[in-house]
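**Q** What follows is each chain in one-letter form.
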Amino acid sequence: AQSVSQHNHHVILSEAASLELGCNYSYGGTVNLFWYVQYPGQHLQLLLKYFSGDPLVKGIKGFEAEFIKSKFSFNLRKPSVQWSDTAEYFCAVTDGGATNKLIFGTGTLLAVQP
Amino acid sequence: DTAVSQTPKYLVTQMGNDKSIKCEQNLGHDTMYWYKQDSKKFLKIMFSYNNKELIINETVPNRFSPKSPDKAHLNLHINSLELGDSAVYFCASSQDFRSSGFSFGPGTRLTVT
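Chains as they are written, first to last, in the working numbering: chain L, 129 to 242; chain D, 205 to 317.
Since the hints were made in silico from the structure, they are not lab data.
Warning: the hint list may mix true and false statements.
As the list claims (entries may be wrong) - Think about it this way: if two alpha-carbon atoms lie no more than 25 Å apart in a straight line, the pair counts; the simulated DSS-like pairs of lysine-lysine are: (1) K229(L) / K271(D); (2) K248(D) / K229(L); (3) K271(D) / K240(D); (4) K240(D) / K229(L); (5) K245(D) / K229(L); (6) K275(D) / K229(L); (7) K229(L) / K256(D); (8) K245(D) / K189(L); (9) K213(D) / K248(D); (10) K229(L) / K226(D); (11) K229(L) / K186(L); (12) K229(L) / K244(D).
As the list claims (entries may be wrong) - Covered stretches of chain L (in silico footprint by chain D; criterion: 3 or more residues with CB under 8 Å from a CB of chain D, positions within the stretch not fixed): (13) 171-178; (14) 228-235.
Think of the CB as a built atom: it goes at the ideal place given N, C-alpha and C, for glycine as much as any other residue.
Produce the entire structure from the sequences given, and follow the hints as far as they go.
**A** Here you go:
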C-alpha cells in the first residue's frame, strides 16, 4: 500500500529563513504528488502539484517542490518564509489506482517567529 | 461562491446520539470524499463516491454511513456516537485531479461529550 512520510513534525523558523520540508513516498510506479497547506482553523488549500514533466514545480505564495524519482522524494521549499506562512503542511500522493485515493502524510507544523 | 460547503461547521453532541453532516459541491465534479482529521492532525480517507456510487470504503465502523442522493451531495450519518469520533471531518471533491486537484470543504468539527 502507498504511504507518505513527513519526517519533520514541527519546524520553527525566524522570518526570512529558508524552508525545506521533507516528503517521501513508498510507491514505485507512476505517482501524482501534492502539497497542501492548512492555516489555523481553516480548510486545506492546494499549494502545488506534480504529475509529470519538469520535476521542479512552482506553486502559490512562493513555494516550490522538487520531485526526485530516485529518492522517492517531493520536498517543499521556500527561500524566505514569512510569519503568515505559519500553518500545517501536508504532503499527499494518489494511489495510482482507479479510485484516485489521496493519501496524506502526517503533516508538518511550521511556526514562523517574527 | 463556495465550491465545497459543509454543514454544520461545529457539532457538539453527547455519546450515543445520531448525527449527520452534509456536504455539497458546485464544481460539477463526479467524485466526492469524506476525510477524518484526528487530534494529531492526521488525515485519513473514509469514503469516496463516484457519480452516487460507493467506490472507496476504508476500515470504518459501520456506525458511519455515507449517502449520496446525487453527484453534488455526499452526506455522512453517524449512529451511536462515541468519544473517539471527535474529530474534524472534511468533505472533498475531484474531477480530473490532474488539472484541478482535489477541492476540500471547510470542515466540520465534531465534539462528542
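**Q** Hint by hint, note whether the structure agrees.
**A** Hints, verified against the model:
| no. | hint | verdict |
| --- | --- | --- |
| 1 | K229(L) / K271(D) | holds (18 Å) |
| 2 | K248(D) / K229(L) | holds (10 Å) |
| 3 | K271(D) / K240(D) | holds (16 Å) |
| 4 | K240(D) / K229(L) | holds (14 Å) |
| 5 | K245(D) / K229(L) | holds (18 Å) |
| 6 | K275(D) / K229(L) | holds (17 Å) |
| 7 | K229(L) / K256(D) | holds (16 Å) |
| 8 | K245(D) / K189(L) | holds (23 Å) |
| 9 | K213(D) / K248(D) | holds (19 Å) |
| 10 | K229(L) / K226(D) | holds (21 Å) |
| 11 | K229(L) / K186(L) | holds (23 Å) |
| 12 | K229(L) / K244(D) | holds (21 Å) |
| 13 | 171-178 | holds (count 5) |
| 14 | 228-235 | holds (count 7) |
Every hint from the earlier list agrees with this structure, and none is contradicted.
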